[in-house]
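Participant: Residues per chain, in single letters:
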Amino acid sequence: MRELKILWLHGQGCSGCSISVLQSSHPSLEELIKAPLRELKIDISFHSLFTPVNFFGESEGSKLLYELSNDFLLVIEGSIPTKDYDKNLVLHVEREEIPFAEYIKKISLKALAVIAIGTCASFGGINALDPNLTGARGVWEILGSEYKSKKGLPVVNVPGCPPHPDWVIGTLLDVLLYILGMGMTMDLDEYNRPKRFYEKTVHENCPLAGFFSETIFSKRFGDRGCILALGCKGPVAHGDCVERKWNGGVNSCTISGSVCIGCTEPGFPKEFMPFIYYPPKPLPLIIPSPASIIYLYGLYERDILEKLLKKKVRGEEQA
Amino acid sequence: MKEIVFTPTRIEGHLTVKVLLEGKKVVDAFVSGTMYRGIELLMQDRTITDATFLASRVCGVCSLPHTLASISAAERALNIAPPPMALISRNLSTYAYLIYDHILHCCILAGCDYAPPDGVIEDLKWGEGKVFLQGLKMQRKALEALAILGGKFPHTSAIIVGGVTTSLDSQKLFAFASRLDEVRKWVMNIMIPTFDKLYEKYSSKLISGEREANLITYGVFEDLSLDPKKRVLKPGVVIGGSLVATDLFNEIEPYIQEDAAYTYQGEENTSKLTEYKKYSYVKAPRYRGYVMETGPLARLWVEALQKGKVKVDTIEWKPPHKPNTLERVYARAFETAFLCDKVFEEIDKAFEILKKPSELSMWTPWEEVKGRISGAGLVEAARGALGHWLEAEGFIVKSYRIISPTTWNASPRDRHGRRGAMEEALINTEISSDNPIVDIARVVRAFDPCMACAVHVIALKGGSREIKTIHIND
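Protein sequences appear in the order of chains A and B.
Numbering-wise (our numbering), the first sequence opens with residue 1 and increments by one.
Numbering-wise (our numbering), the second sequence opens with residue 1 and increments by one.
Hints in this document: simulated from the structure, not taken from any laboratory.
Remember, it's a predicted structure, so these values are computed and weren't measured experimentally.
No more than 30 Å apart at the CA atoms, straight line, and that leaves these computed lysine-lysine pairs for DSS-like:
#1 Lys277(B) with Lys83(A)
#2 Lys34(A) with Lys137(B)
#3 Lys18(B) with Lys278(B)
#4 Lys172(B) with Lys219(A)
#5 Lys83(A) with Lys278(B)
#6 Lys201(B) with Lys34(A)
#7 Lys125(B) with Lys18(B)
#8 Lys342(B) with Lys172(B)
#9 Lys197(B) with Lys34(A)
#10 Lys309(B) with Lys185(B)
#11 Lys5(A) with Lys148(A)
#12 Lys110(A) with Lys151(A)
#13 Lys24(B) with Lys277(B)
#14 Lys245(A) with Lys349(B)
Take these sequences, add in the hints, and give me the full structure.
Facilitator: In structure tokens form, the structure reads like this:
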């Protein structure tokens, strides 16, 4: 049996990503901790919510925190504060105080791979919203874009607020297979997201896209139609969440009649606000427009957004 | 005197507990929230509707009540009444949420405190016990039910200012009810007997965590009239074991004060407070100066004092002499059964409305407003009373503040030196195991702490974005 230890650390976050992972139904968490999958076992050695130990620094697994010698996979949930605010997220390791960012830099040198779970860990997310009081950053901004793990992988980002449990568990298993030399190369997009889950846009997967091509747009929540004019960011957000659906496959944001808020993207939430346009944004609607015009409008908006995002991410990488 | 400092796991977020031991007894305690995000300040200058989406991100464990509190604050400010079916849909979501959160806490996070190697209840053993493994499945079931109405969880999408975006029909109600019925059967047949056994085994041993019965609850499950007095579980304040206030917006909300003497970053008049040795990012809310505790125990206590008794099937819950660790653990398990029972009354209400096609609207459109508006959203999360307060200029949020359940429970000292509820509970805890952390962590975990929620500060030192406090009646 091949086993891999996971060290799951929490930065500035809400634990929503962990709760999302608990909702994975196939495989379920109870299956993952009990029965190895095809001779593979994921051992969540340290996770602050999901662990038998009583406190930080108790079990054999969390000795990793001190010894930093074993082979392990580093998973980080939540952003990393970089501004000095009194005692914000200062770890106590063997009676020494270490800021979280310093700790991550140190420990990532020993990690077989580093995986950032959720938009906060990937790009800073909600905590990095201006004026970014705490200097919240994503993991790859802390480690630098040149970072490669012991097994040669860059930081793998699994964004989403929260990410779909399949994305998290799927990526963990992929990385595991890669590290053990049993899998293909990791296919990542320009923001280091696994292409398998993030290649398509939400709009491309959306069951309401039919209304879009028929130019039927809702002007009020609950009406039949595509909700683009009410603020949906589906055309510019990447992820197969609408197709995959949430919580045992019962529903998803746009299927429930609400808007996509673009939670998997760098630049979320700032570049995607206002989330809701109310009254509806009139641009594509007042012109009795054929589908092509609407489609161009969608492309136009996507273009602006992508430029904005690239500028932001590239800019911060250089800095 | 011996000092123990540790960071408990199996709670949400970053909490550090420091206790001082004299012999086998805790003589002093300091509870610190150690992670800060500044969410309330990030809300400023956003639109009200954006703020409700951001509010959800305060906490991933209890995201639904944060959404609801924020939306209810916005609706009170904008003077919008959501349609009846939307209120029922939100109530059903709240039932499913509370049931999920209680099962998660009782069976997955805190349960193994009472299982081998440190305890005696085999079924709660981490990774192996029957109740642990089945609990994982049941919390998922409850959230599936929620997602039918809310889109997804965590961070539901379908609840918006003015109502909800998903319509309700009989198919959705049956899909919801069938899932919760499965959960109800499991709770009644497996979970409750396990916690009955726990109560019996520990009733002579586990007397730690005792404090005065000073409790607060805002009440939960909105009535169609929007009158807080008609909520299914009533608002109320208990002091010294007796009910002293029941009117949410006249007797309870106006007397909530905040103090930040011991809070990092806190307080606009920092200069006056330099003499205090700050140790937490959590602020210290007080009700008329009293240190309050909140959670399932508070909800059931108020319910028992108002209605005479709280009963599910043949099991009756009676207020204990004083709150303590075992009572907190048991109240949470009992409330799970109580909610599993009550949710079917709400489903019946939904079927009543389905008969009248004219009332099936799910959303009330709103008008743009001018001038200064403000509103408070007071709801209940699994771990207790949750309040959001917003002030806006037209449609733009100018000031936002949150007092979450763990802000009450894990509060630090206030300027008069009064300890927070969890600190009070830790004092006099007797260490009975070889490892003192086992006993201390039980006291802490029984409050179901949720630190991401709890950390909210009043204003930044020297920050230009000043927020006024609601009330500091000193």
